[in-house]
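K.L.:
These are the residues of each chain, in order.
4 protein chains.
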Amino acid sequence: MIDHTTTGAPLAFLIANEDARPQDYEHLSELYRPSHADFAYHKKYGINDHRLVHRASARETASRVVAGSIARQYLERAGIKIAGITSAIGPYSIDRDYSFEEMQQASGTSLECPDKLLSRKMRSFLTRIRKEGDSIGCEIQGLISGVPPGIGDPVFNKLQANLASAMLSINAAAAFDIGSGRHAAGMKGSEYNDLFSIHNGHIRTATNNSGGIQGGISNGEDIRFRVIFKPIPSISKEQQTVNRDGKPAVIQGKGRHDVCVAPRAVPVVEAMAALVMADQLMISGNAKISVEI
Amino acid sequence: MIDHTTTGAPLAFLIANEDARPQDYEHLSELYRPSHADFAYHKKYGINDHRLVHRASARETASRVVAGSIARQYLERAGIKIAGITSAIGPYSIDRDYSFEEMQQASGTSLECPDKLLSRKMRSFLTRIRKEGDSIGCEIQGLISGVPPGIGDPVFNKLQANLASAMLSINAAAAFDIGSGRHAAGMKGSEYNDLFSIHNGHIRTATNNSGGIQGGISNGEDIRFRVIFKPIPSISKEQQTVNRDGKPAVIQGKGRHDVCVAPRAVPVVEAMAALVMADQLMISGNAKISVEI
Amino acid sequence: MIDHTTTGAPLAFLIANEDARPQDYEHLSELYRPSHADFAYHKKYGINDHRLVHRASARETASRVVAGSIARQYLERAGIKIAGITSAIGPYSIDRDYSFEEMQQASGTSLECPDKLLSRKMRSFLTRIRKEGDSIGCEIQGLISGVPPGIGDPVFNKLQANLASAMLSINAAAAFDIGSGRHAAGMKGSEYNDLFSIHNGHIRTATNNSGGIQGGISNGEDIRFRVIFKPIPSISKEQQTVNRDGKPAVIQGKGRHDVCVAPRAVPVVEAMAALVMADQLMISGNAKISVEI
Amino acid sequence: MIDHTTTGAPLAFLIANEDARPQDYEHLSELYRPSHADFAYHKKYGINDHRLVHRASARETASRVVAGSIARQYLERAGIKIAGITSAIGPYSIDRDYSFEEMQQASGTSLECPDKLLSRKMRSFLTRIRKEGDSIGCEIQGLISGVPPGIGDPVFNKLQANLASAMLSINAAAAFDIGSGRHAAGMKGSEYNDLFSIHNGHIRTATNNSGGIQGGISNGEDIRFRVIFKPIPSISKEQQTVNRDGKPAVIQGKGRHDVCVAPRAVPVVEAMAALVMADQLMISGNAKISVEI
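Protein chains in written order, with the working numbering: chain A, 2 to 294; chain B, 2 to 294; chain C, 2 to 294; chain D, 2 to 294.
FYI, nobody ran anything at the bench for these hints, they're computed from the structure.
It is possible that some hints are incorrect.
As the list claims (entries may be wrong) - Some residues of chain B that are not near chain D, with every Cβ distance over 12 Å (derived):
| # | residue |
| --- | --- |
| 1 | GLU61 |
| 2 | ALA63 |
| 3 | ARG73 |
| 4 | PRO150 |
| 5 | ASP154 |
| 6 | VAL156 |
| 7 | ARG245 |
Said to hold, decoys possible - Restricting the straight-line Cα-Cα distance to at most 30 Å, the calculated cross-link-like pairs of lysine-lysine (DSBU-like) are:
| # | chain 1 | residue 1 | chain 2 | residue 2 |
| --- | --- | --- | --- | --- |
| 8 | C | LYS44 | D | LYS255 |
| 9 | A | LYS117 | B | LYS189 |
| 10 | A | LYS117 | A | LYS132 |
| 11 | B | LYS132 | B | LYS122 |
| 12 | C | LYS82 | D | LYS44 |
As the list claims (entries may be wrong) - Short, incomplete list of chain C residues facing chain B, as computed with Cβ under 10 Å:
| # | residue |
| --- | --- |
| 13 | THR8 |
| 14 | LEU12 |
| 15 | ARG52 |
Yeah, the Cβ is synthetic: ideal placement off N, Cα and C, and Gly gets one too.
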């Protein structure tokens with residue numbers, strides 16, 4: 002960096018973990034933790050050492066957030082902004098789409114959920130789950146605003162395909178929806194189709210079931226998507242498993258585990274969206290925007 | 002090809018469209034069809050010509066099916082098989098997971114759905130939708146059997162990320178689930194976790210909510226996923242839209258349009274799964290399997 | 002194509018070989034031809050069939066020339082032009098650098114060499130080599146004019162590295178020089194360094210030993226390079242070799258073989274240069290130039 | 002690392018520069034140094050700061066040597082070894098090909114040149130050049146032994162194209178030769194062709210003008226190549242140049258500059274060769290060799 006300006010060189014950073022407690026995981030070293038990556042890593046890398054799998058920890062996503070924050074500065078110069086919210090935790094789910102401004106206002110609140118009443122219920126629910134020694138799944142919604150029409154590719158690298166890949170690369174992600182997503186399975190064309198009309202001289206769509214992308218290419222509407230996360234696999238409850246010698250065993254978590262990836266996954270989802278969009282903008286020939294950091 | 006053996010050279014093929022009827026689309030040439038790619042293509046390529054968007058037609062997926070059929074032969078030598086079914090059309094949905102054999106038996110039936118009673122209801126429903134001049138969304142399930150543990154990558158190219166990208170690259174795909182997918186948002190860790198146990202000397206999981214992938218890497222269980230497709234945007238009903246000159250207009254479809262991408266999307270989903278798995282197998286250092294075609 | 006304008010879709014073409022004479026190669030089918038790819042292909046692909054190696058024929062370069070001609074139209078809109086000449090055949094070699102205009106004027110002459118007297122000597126020499134039943138090596142020079150400063154990458158994808166890769170991918174290429182190239186080994190810094198000075202208000206270099214690239218990035222001077230080609234391996238003279246059963250054998254060429262890759266390699270060198278520069282221009286964020294064909 | 006074994010995670014390292022003397026370069030901060038990357042970097046990145054170009058320093062190649070040393074361990078398990086020598090400095094050049102063992106024995110000698118008498122002349126010559134305040138070009142030869150036949154690709158990623166790209170990506174590299182390289186331009190096919198014959202039951206070539214690669218694919222012979230390097234652009238002699246304000250200026254180097262990239266470039270050439278070969282081996286489906294470090 003020279004006076005807050007990137008130089009064209011790769012940006013490097015180092016995050017020191019000043020609160021590592023490896024002893025908390027020591028009692029798990031002989032076990033394959035259920036729904037963790039221990040077993041799959043052992044099979045892939047052929048090395049029977051529990052420390053290998055530390056790379057599968059969500060600590061890895063800190064790097065994505067750093068990279069995403071640079072990408073967001075680049076995108077903002079092109080008028081592109083990104084917001085994410087916690088849209089569901091267990092049975093509690095928002096009941097309407099929120100605008101970009103509403104989503105932004107939820108940023109920094111305890112659960113990053115724009116519905117305050119719902120947020121309170123979610124908090125109580127999380128407390129209960131924690132007491133049970135259990136964990137719970139959730140859903141994060143993301144919105145990318147200000148994308149000009151014409152960004153994306155028409156066949157294999159469709160814009161939604163790149164977003165799907167980015168989101169499913171986040172630890173514990175289990176599903177991805179673009180626009181109305183899963184609800185589209187039950188919709189008729191006459192309900193789903195986003196009709197074009199003229200607003201203030203611009204061609205816009207009356208609805209946005211397509212989530213801002215048609216034929217793999219942005220149409221100028223908000224890009225709206227959801228990512229579903231599974232419950233964190235580490236729980237305090239006893240579970241049956243198998244140890245690294247292939248013998249049955251019982252496991253019980255002790256380390257510092259969250260109960261739900263929300264709200265911590267919100268900035269990760271935002272970061273991955275920013276990285277995808279920055280790549281797309283550069284591929285589209287708009288790379289000449291410089292960034293101050 | 003030399004005696005049904007690939008030679009190492011790229012495989013090329015040409016599919017002649019012997020039943021093209023361009024006149025069926027001529028009346029649409031001045032209109033942006035709702036939820037079609039017309040508008041986005043125009044903005045991306047800067048060319049105001051309706052023929053450009055023919056590349057967004059599902060005819061393009063024929064090439065994927067050809068490529069996938071070669072990949073499947075390669076995979077079968079490694080013991081990897083792929084099956085797909087229609088799992089939902091509009092409000093009609095299968096009510097349990099089907100085994101690989103059951104899924105295979107549905108292949109070639111009229112809707113590629115393994116539940117015969119449900120299949121009959123779906124057919125009546127599709128007839129009604131067609132009479133209404135409308136279209137309907139659906140869900141396709143895919144299953145990849147025989148994948149050895151240890152295939153996939155731990156960070157950005159997680160196996161589920163590559164599958165998600167491949168599936169969202171299919172025309173009209175709107176959502177992707179790996180394993181329990183969207184249902185994971187409402188599940189507790191104690192419900193979701195796939196407990197390890199010993200079966201016939203092999204380490205297996207009692208359930209398969211993870212869909213055969215943990216930490217981005219296969220764990221040896223069936224890889225199970227779902228793809229949700231939106232309703233086909235071309236319908237016979239009248240719809241409001243805008244023409245290429247930016248004036249309001251009314252559109253009414255006439256060409257030969259399907260009412261639902263199922264069951265035709267089933268082989269496309271299978272083909273994309275095959276291409277992803279063949280790439281993964283080669284990246285994993287198992288490329289030496291030769292293929293006869 | 003729509004009215005001579007590309008549509009954004011991949012461009013496809015098919016060249017029918019209307020004068021194939023496979024019988025001319027039949028007598029070689031059991032032999033590994035010296036310095037041909039027969040043996041290496043057999044080892045790589047594991048298939049003992051002489052037809053595999055037809056892909057190693059220079060016929061393949063016709064596709065490169067087609068692609069390059071599209072790239073050249075794109076480049077010309079950005080003011081970038083490419084010329085190539087035959088600079089040496091056997092012992093006959095040009096004795097100075099030629100300007101872009103001089104190089105262009107050689108285009109279409111019998112050997113594509115700008116020195117007419119030398120060209121005549123080369124022709125006699127080639128006639129003699131042909132009579133001997135032999136073949137001969139050569140050198141092609143390329144020049145890319147009009148490249149703005151700032152194109153290229155600073156580390157692994159240095160502009161000269163991409164050019165080197167492109168040129169060494171041409172059949173029979175044996176060496177690549179950027180700027181003064183091989184002569185640099187014997188030069189002092191005080192001789193080689195390209196001193197900056199001001200010409201008509203622009204910063205230019207007095208010499209161009211760097212060949213228009215410094216630190217992997219264009220400096221606005223002509224990009225000048227050489228490609229050395231080995232003699233065509235197919236000759237009419239008898240040669241010792243080994244057959245596909247591993248037994249000693251004698252080989253004698255009969256097919257229609259050129260005596261030297263010059264001048265036919267000139268357009269191939271130009272095409273590869275065009276493809277590299279078009280990629281670089283797009284990566285540099287100047288992709289918005291549309292092309293009419 | 003776990004007990005000297007890689008874990009599958011990316012390998013990271015940090016080299017602290019404990020002898021940086023930025024003040025040595027301060028007097029150059031306003032000047033475009035001749036044949037340096039200053040001007041091209043300024044044009045590419047649009048930032049008028051002399052520190053940007055530090056990335057163009059050969060210090061960057063230290064990382065390549067580290068990566069290459071890991072790759073070499075991997076290659077050695079597959080029986081592949083790499084050696085490099087200084088083959089020419091200014092007018093002093095070796096007069097024959099050296100065997101792998103001879104080249105290895107030169108490793109660690111003052112100039113890494115296997116001809117001791119020549120080496121002494123080169124040392125005197127370098128002393129003289131240094132006294133003149135000048136620098137000099139050179140040539141490095143590389144040899145890769147033990148490559149099985151069948152490694153490489155037949156068209157754009159020919160093995161020689163990948164090597165050429167790797168070598169031209171090294172700072173100050175100006176030319177690349179595979180096998181007889183530049184000498185091929187003057188050779189007849191009957192001289193150049195590498196005749197096949199049987200040695201101890203193996204098919205080998207009598208000569209190795211092709212440098213171990215035919216049709217882009219290894220043929221089992223030693224892979225032999227040369228890289229020509231230009232003289233180091235920083236010299237103590239006064240040179241004319243232009244400053245960052247576009248005014249004529251005079252430059253005189255002061256920092257710690259080598260006089261010739263040899264012998265320091267030898268391990269860099271070896272490292273790049275190792276990285277290319279390790280990639281090729283993995284692409285060829287031989288990735289399962291594990292490495293202890």
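K.L.:
Please go over all the hints and tell whether each is borne out by the structure.
P.N.:
Hint-by-hint comparison with the structure:
For B/GLU61, the requirement that its beta carbon stay farther than 12 Å from each beta carbon of chain D is met, with the minimum near 25 Å. No Cβ of chain D approaches the Cβ of B/ALA63 within 12 Å, the least distance being about 26 Å, so the stated non-interface status holds. Every C-beta of chain D lies more than 12 Å from that of B/ARG73, the closest at about 19 Å, which supports listing it as non-interface. Once the 12 Å rule is applied to beta carbons, B/PRO150 is consistent with being away from chain D; the minimum gap is 14 Å.
Not every beta carbon of chain D lies more than 12 Å from that of B/ASP154, the smallest distance being close to 10 Å; the non-interface claim is violated. With a least CB separation of 9 Å from chain D, B/VAL156 falls inside the 12 Å interface cut-off, contrary to its annotation. With 12 Å as the threshold on Cβ separation, the claim that B/ARG245 sits away from chain D holds: the shortest Cβ distance comes to roughly 39 Å. Between the alpha carbons of C/LYS44 and D/LYS255 the distance comes to roughly 55 Å, so the proposed pair goes past 30 Å and is violated.
Pair hint A/LYS117 plus B/LYS189 holds up; C-alpha atoms about 23 Å apart against a cutoff of 30 Å. For the given pair, A/LYS117 sits about 23 Å from A/LYS132 by alpha-carbon distance, which is consistent with the 30 Å threshold. Between the alpha carbons of B/LYS132 and B/LYS122 the distance comes to roughly 16 Å, so the proposed pair stays at or under 30 Å and holds. For a cut-off of 30 Å, the pair hint linking C/LYS82 to D/LYS44 stands: about 21 Å separates their Cα positions.
For C/THR8, the interface hint holds, since its Cβ comes within 10 Å of a Cβ in chain B; the closest pair sits about 5 Å apart. Violation of the interface hint for C/LEU12 is found here, the shortest Cβ-Cβ separation to chain B being roughly 12 Å, above the 10 Å cut-off. Checking C/ARG52 against chain B: minimum C-beta separation of about 7 Å stays under 10 Å; hint holds.
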